[in-house]
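Asker: Under the numbering used here, read the sequence shown as residues 1 to 177, first letter to last.
Treat the hints with care, since some could be wrong.
As the list claims (entries may be wrong) - With a straight-line cut-off of 30 Å between C-alpha atoms, the simulated DSS-like cross-links for lysine-lysine are:
| no. | residue 1 | residue 2 |
| --- | --- | --- |
| 1 | Lys-165 | Lys-104 |
| 2 | Lys-34 | Lys-127 |
| 3 | Lys-128 | Lys-41 |
| 4 | Lys-34 | Lys-89 |
| 5 | Lys-109 | Lys-41 |
| 6 | Lys-34 | Lys-101 |
| 7 | Lys-165 | Lys-34 |
| 8 | Lys-34 | Lys-87 |
| 9 | Lys-41 | Lys-64 |
| 10 | Lys-64 | Lys-87 |
| 11 | Lys-165 | Lys-127 |
| 12 | Lys-104 | Lys-34 |
| 13 | Lys-87 | Lys-128 |
| 14 | Lys-64 | Lys-101 |
| 15 | Lys-128 | Lys-165 |
| 16 | Lys-89 | Lys-41 |
| 17 | Lys-41 | Lys-87 |
| 18 | Lys-127 | Lys-41 |
| 19 | Lys-87 | Lys-14 |
| 20 | Lys-101 | Lys-89 |
| 21 | Lys-34 | Lys-109 |
| 22 | Lys-14 | Lys-104 |
| 23 | Lys-128 | Lys-34 |
| 24 | Lys-165 | Lys-101 |
| 25 | Lys-34 | Lys-64 |
| 26 | Lys-128 | Lys-101 |
| 27 | Lys-89 | Lys-104 |
| 28 | Lys-101 | Lys-14 |
| 29 | Lys-104 | Lys-128 |
| 30 | Lys-14 | Lys-89 |
Claimed, not checked - Simulated restraints on C-beta separations:
| no. | residue 1 | residue 2 | range |
| --- | --- | --- | --- |
| 31 | Lys-34 | Met-1 | 23 to 31 Å |
| 32 | Gly-24 | Arg-92 | 28 to 36 Å |
| 33 | Thr-105 | Asn-155 | 26 to 34 Å |
| 34 | Asn-68 | Ser-172 | 29 to 37 Å |
| 35 | Gln-148 | Arg-92 | 43 to 51 Å |
| 36 | Leu-159 | Leu-139 | 14 to 22 Å |
| 37 | Arg-92 | Thr-142 | 33 to 41 Å |
| 38 | Lys-128 | Thr-100 | 30 to 38 Å |
| 39 | Leu-134 | Asp-56 | 34 to 42 Å |
| 40 | Gly-24 | Thr-84 | 31 to 39 Å |
Because the hints were derived from the structure by calculation, they are not lab data. These figures come from a predicted structure and were not determined experimentally. Glycine is no exception: its CB is placed at the ideal position from the N, C-alpha and C atoms.
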Amino acid sequence: MDVLVIEDDPSVSKLIDTILNREGHSVCTHAEGKSGEDTAKQDHYDVIILDLGLPDMDGLEICKNLRNNNILTPIIILSGDQQTEVKVKGLRYGADDYITKPFKTEELKARIEAINRRARSTGQEEKKLRCNELTLDMLERTFSVNDQNVILTNNEFNLMAYLMKNANRIISREELA
């Protein structure tokens, strides 16, 4: 599973990275909101773990922006803020779950598994993208042309997924970068 972590506290970020790597997941971390949001818009992830108190922008705004851009990746908010109003606002902005800090390792892993299970069972994830003779299987992370498998690197796969999801519009070089 590919996980994007947007968290400015290095100790929390490192802890999440260690926990998820031990479980065999691929983790990409960002300490700033803007770069994390840009990455979430450009690449495919199975889950996004999002802190609210980021140095350059509010995590709630990132959540709202991602949903407004039709990014359906499940989002787990991870925050020290335990106020009910903040939790409700996060969920209404499109988060799928909310965990308060400090958190237990087993709870984080279980919530990620549950979110991923729900996303797959409800069909939230696009399982296969098709464009003419091209087929991209998002769950199996395979790509084929005319039913012939083509091996892609992770970056090539993510780029192809982005291009296929945006097949009916012009994409600038800056957007791809």
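Asker: All the hints need checking, so say for each whether the structure fits it.
Answerer: Consistency of the hints with the structure:
no.	hint	in the structure
1	Lys-165 to Lys-104	violated, 36 Å
2	Lys-34 to Lys-127	holds, 28 Å
3	Lys-128 to Lys-41	holds, 19 Å
4	Lys-34 to Lys-89	holds, 20 Å
5	Lys-109 to Lys-41	holds, 24 Å
6	Lys-34 to Lys-101	holds, 22 Å
7	Lys-165 to Lys-34	holds, 22 Å
8	Lys-34 to Lys-87	holds, 22 Å
9	Lys-41 to Lys-64	holds, 12 Å
10	Lys-64 to Lys-87	holds, 14 Å
11	Lys-165 to Lys-127	holds, 12 Å
12	Lys-104 to Lys-34	holds, 27 Å
13	Lys-87 to Lys-128	violated, 33 Å
14	Lys-64 to Lys-101	holds, 21 Å
15	Lys-128 to Lys-165	holds, 11 Å
16	Lys-89 to Lys-41	holds, 22 Å
17	Lys-41 to Lys-87	holds, 23 Å
18	Lys-127 to Lys-41	holds, 18 Å
19	Lys-87 to Lys-14	holds, 24 Å
20	Lys-101 to Lys-89	holds, 17 Å
21	Lys-34 to Lys-109	holds, 26 Å
22	Lys-14 to Lys-104	holds, 15 Å
23	Lys-128 to Lys-34	holds, 29 Å
24	Lys-165 to Lys-101	violated, 35 Å
25	Lys-34 to Lys-64	holds, 13 Å
26	Lys-128 to Lys-101	violated, 36 Å
27	Lys-89 to Lys-104	holds, 23 Å
28	Lys-101 to Lys-14	holds, 14 Å
29	Lys-104 to Lys-128	violated, 35 Å
30	Lys-14 to Lys-89	holds, 27 Å
31	Lys-34 to Met-1: 23 to 31 Å	holds, 24 Å
32	Gly-24 to Arg-92: 28 to 36 Å	holds, 33 Å
33	Thr-105 to Asn-155: 26 to 34 Å	holds, 30 Å
34	Asn-68 to Ser-172: 29 to 37 Å	violated, 19 Å
35	Gln-148 to Arg-92: 43 to 51 Å	holds, 45 Å
36	Leu-159 to Leu-139: 14 to 22 Å	holds, 18 Å
37	Arg-92 to Thr-142: 33 to 41 Å	holds, 36 Å
38	Lys-128 to Thr-100: 30 to 38 Å	holds, 37 Å
39	Leu-134 to Asp-56: 34 to 42 Å	holds, 37 Å
40	Gly-24 to Thr-84: 31 to 39 Å	holds, 35 Å
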